[in-house]
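Protein sequence lines, in the order shown, are assigned to chains A and B. Letter by letter, the first sequence follows residues 1 to 267 of my numbering. Letter by letter, the second sequence follows residues 268 to 666 of my numbering.
Some hints here could point you the wrong way.
[To be verified] Straight line, CA to CA, 20 Å or less: simulated EDC-like cross-link-like pairs of lysine to aspartate or glutamate:
1) B:Lys306 x B:Asp274
2) B:Lys374 x B:Glu297
3) B:Lys306 x B:Asp474
4) B:Lys276 x A:Glu133
5) B:Lys275 x A:Glu5
6) B:Lys546 x A:Glu137
7) B:Lys276 x A:Glu5
8) B:Lys640 x B:Asp594
9) B:Lys275 x A:Glu133
10) B:Lys484 x B:Asp639
11) B:Lys631 x B:Asp496
[To be verified] Simulated coverage check for chain A against chain B, where a stretch passes if three residues somewhere in it have a Cβ under 8 Å from a Cβ of chain B:
12) 21–34
13) 52–59
14) 188–196
15) 215–225
[What the hints assert, rightly or not] Over the 12 Å line for every Cβ pair with chain A, so calculated as not near, a few chain B residues:
16) Phe331
17) His353
18) Asp474
19) Ile487
20) Leu494
21) Arg519
Since the hints were derived computationally from the structure, they do not count as laboratory data. Remember, it's a predicted structure, so these values are computed and weren't measured experimentally. The C-beta atom is built at its ideal place from N, Cα and C for all residues, glycine as well.
Letter by letter, the chains look like this.
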Amino acid sequence: MKRLETTFFKLRERNEKALVVYLTAGDPNLTTTLDILRVLSESGVDIIEVGVPFSDPTADGPVIQAASQRSLRNGTTLSAVLDMITSFRKISETPVVLFGYYNPVFRYGNARFARNASNAGVDGVLIVDLPPEESQELRQYTDRAGIDFISLIAPTTPTGRIRTIARASSGFLYYISITGITGTAKPDSSSVKKEVKRIREVTNLPVVVGFGISTAGQAADLSRHADGIVIGSALVRLVGTHGTSRKLMQIVGSYVKEIKNSMRMKR
Amino acid sequence: MKKRLPDKKGHFGIFGGRYVAETLIPALVELEASYKSAKKDRAFTRELAHYSRDYAGRETPLYFASRMTKALGGARIYLKREDLCHTGSHKINNTLGQALLARRMGKNRVIAETGAGQHGVATATVAALFGMTCRVFMGTEDVARQSSNVLRMRMLGAEVVPVESGTRTLKDAMNEAMRHWVSHVRDTFYVIGTTAGPHPYPAMVRDFQSVIGRETKRQIMQQEGSLPDFLIACIGGGSNAMGLFHPFLHYRGVHMIGVEAAGAGIHTGMHAASITAGKLGVLHGNKTFLLQDDDGQIQETHSIAAGLDYPGVGPEHAYLHDTGRADYVAVDDDEAVKAALFLSRHEGIIPAMESAHALAYVMKLAPRLRKDKIIIVNLSGRGDKDAGIIAARMKERVA
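Here chain A stands alone, though its shape is the one from the complex (with noise of 0.2 Å):
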């Protein structure tokens, strides 16, 4: 079974919903995202989001947009997350996506990336600009190198459609909770339960849902409706704040600790 597969269904044994973490690779530099990525697998997150930077990330607000630039000040290049996965991965079984902007990917090589993004380890990609309409170009190569695609619903997508996306999807779903971009409104419980429903109606691929969520208790309220939530501009925003700092470790493992400490809680 690939990684992801697996977690879902151990998740599911244990009657827990899935703790996904974003966090923008190579903010403040790759060597800390190596070291928070080790501190979020010991912290009970499930999987890992991967961000890959882009300088013109349309999908993002501005605390990840911010994160972007900084990265990409340092240098950071996709075969250079790419290494630090393979770092990580002798440490580490969490679950890995990449997830960000097909331009890099594209840049990079479609069929180059899915080989080299499976040697690293990497178990799913989440491209913000690649529907299912454009995705056959990169997917072809992700799929039979054993790499989840994993894609979004949005609040806007039609029921008929969501049958289209998740056909062309594995390992999981990723429900956009707001009409907006990352980390810039509070998604509304009830929609979102709704919501989920409609998707559950016509796939059986685990639902995560994200964009908005920051407090342990969104995330215990959320996560009810789901599979998992998934954690993004909260966290890059510590990091952002407490990047250089030595504390910055310590503040991270318990931020996620709450956070997956209260999922449980309301089981």
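Mind docking chain B on chain A? Use the hints.
Below, chain B alone, put in the same frame as chain A:
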């Protein structure tokens, strides 16, 4: 034999497409359907024709530039006078079409990105005309260098949102407009100003701008009794060029040349010539030639013309380049400034710095051609907005 482009998925060969976040896809599907039905609706086309004529001032003249022709000593030069359109550039052709479409779709809020401010002004204008609220995103660098257009937009009741991110120019204005659209997609119509962006924008903007080429064809047949030998237009995203070129595409004898901005010179790396010096990539919803580094990060661009200061180019231009149907060249800032002054002093017409790039290439080409050859250049906008930039350049020269 004649293939209709784009295909159903919005591709021009390998270019174009719809590379955007899922949140926007349903809006683009809806837009595509609405545009398709509007195009077939006589009432829609009649209304657009009415506003184009009685409000925007079409048709625009095709003017034989006799003193310029004589001074250059070669081919006969005609100017398609889009600078005489209401608001001062060809941009109104497209914003009228899109605003009428927005109204038809029941959307009363419009947003736009702008570089030189010409598209921003044209959008603010039609928003005022149809009683819509309008928000225009503009990089702070452009807000500073095209301040007269900022004032015009505000007079027209639009909100101008200065964009501080990235390089603070057109690319970043477009990023911010897309972010705003993602967050307000249910009630907001995004008026894209050029033949770029996700499908159906490149095709739709081309269609609205094609009035330029249709008129030109009729006018040159009347005045010269033959088709032109060359069509020349500047290229940022490529809307004025596509508008002129498209109706002539199947006339094999008509050469088409798009003129990109070479900024401080291609060799300096400080330019905006995406076809001349870019590589294939994906940005702002379409696959096209982009100025980017080896890691796929979009590079800063430089041009004296804010409207050309963009790291990409419309996908149909990429396709025309790839198939060899059109040629693309680049002229630098200095050449453009010289051309602007040349036209001002020989014909009494002050061109926009964007259009001056096309004129600069005409100045190189015309003397090399026989006197019976015909060149038509798209004078896409007037240069009032650039007076400050030219004055600063002239002062530099004297000092």
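Now the hints, each set against the structure:
Our distance criterion of 20 Å between C-alpha atoms is met by B:Lys306 and B:Asp274, whose separation comes to about 17 Å. Annotation: proposed proximity of B:Lys374 to B:Glu297 holds, straight-line Cα distance about 12 Å (limit 20 Å). This hinted pair checks out: B:Lys306 and B:Asp474 have alpha carbons roughly 10 Å apart, not beyond 20 Å. The suggested pairing of B:Lys276 with A:Glu133 holds, with an alpha-carbon distance near 8 Å, which does not exceed 20 Å.
The straight-line distance between the Cα atoms of B:Lys275 and A:Glu5 is roughly 35 Å, outside the 20 Å bound, and the hint therefore fails. Distance hint between B:Lys546 and A:Glu137 is fulfilled; the C-alpha atoms sit about 18 Å from each other, no more than 20 Å. With a C-alpha separation of about 33 Å, the suggested pairing of B:Lys276 with A:Glu5 is violated against the 20 Å cut-off. About 18 Å separates the Cα atoms of B:Lys640 and B:Asp594, which keeps this hinted pair within 20 Å; it holds.
Distance check on the hinted pair: B:Lys275 and A:Glu133 sit about 11 Å apart at the alpha-carbon level, within 20 Å; holds. With a CA separation close to 18 Å, the supplied pair B:Lys484 and B:Asp639 stays within the 20 Å bound. Distance check on the hinted pair: B:Lys631 and B:Asp496 sit about 15 Å apart at the alpha-carbon level, within 20 Å; holds. Only when three residues or more bring their CB closer than 8 Å to a CB of chain B does the claim for the stretch 21–34 of chain A stand; here the count is 0, and the claim is violated.
Only residues whose C-beta sits within less than 8 Å of a C-beta in chain B count toward coverage, and the stretch 52–59 of chain A has 6 of them, enough to reach three; the restraint holds. A stretch counts as covered by a chain when three or more of its residues have a beta carbon under 8 Å from one of that chain; for the stretch 188–196 of chain A and chain B the count is 0, and the coverage is violated. Given as covered by chain B, the stretch 215–225 of chain A fails the check, having 0 residues with a CB less than 8 Å from a CB of that chain where 3 are the minimum. No beta-carbon of chain A comes within 12 Å of the beta-carbon of B:Phe331; the shortest separation is about 44 Å.
The Cβ of B:His353 sits about 32 Å from the closest Cβ of chain A, beyond the 12 Å cut-off, so the non-interface label holds. With 12 Å as the threshold on Cβ separation, the claim that B:Asp474 sits away from chain A holds: the shortest Cβ distance comes to roughly 22 Å. No Cβ of chain A approaches the Cβ of B:Ile487 within 12 Å, the least distance being about 40 Å, so the stated non-interface status holds. Non-interface status of B:Leu494 relative to chain A is upheld: no Cβ of that chain comes within 12 Å, the nearest being about 38 Å off.
Listed as outside the interface, B:Arg519 is consistent with that label: its C-beta sits roughly 33 Å from the nearest C-beta of chain A, beyond the 12 Å cut-off.
Hint compliance for this structure: hints 5, 7, 12, 14, 15 are broken, all remaining hints hold.
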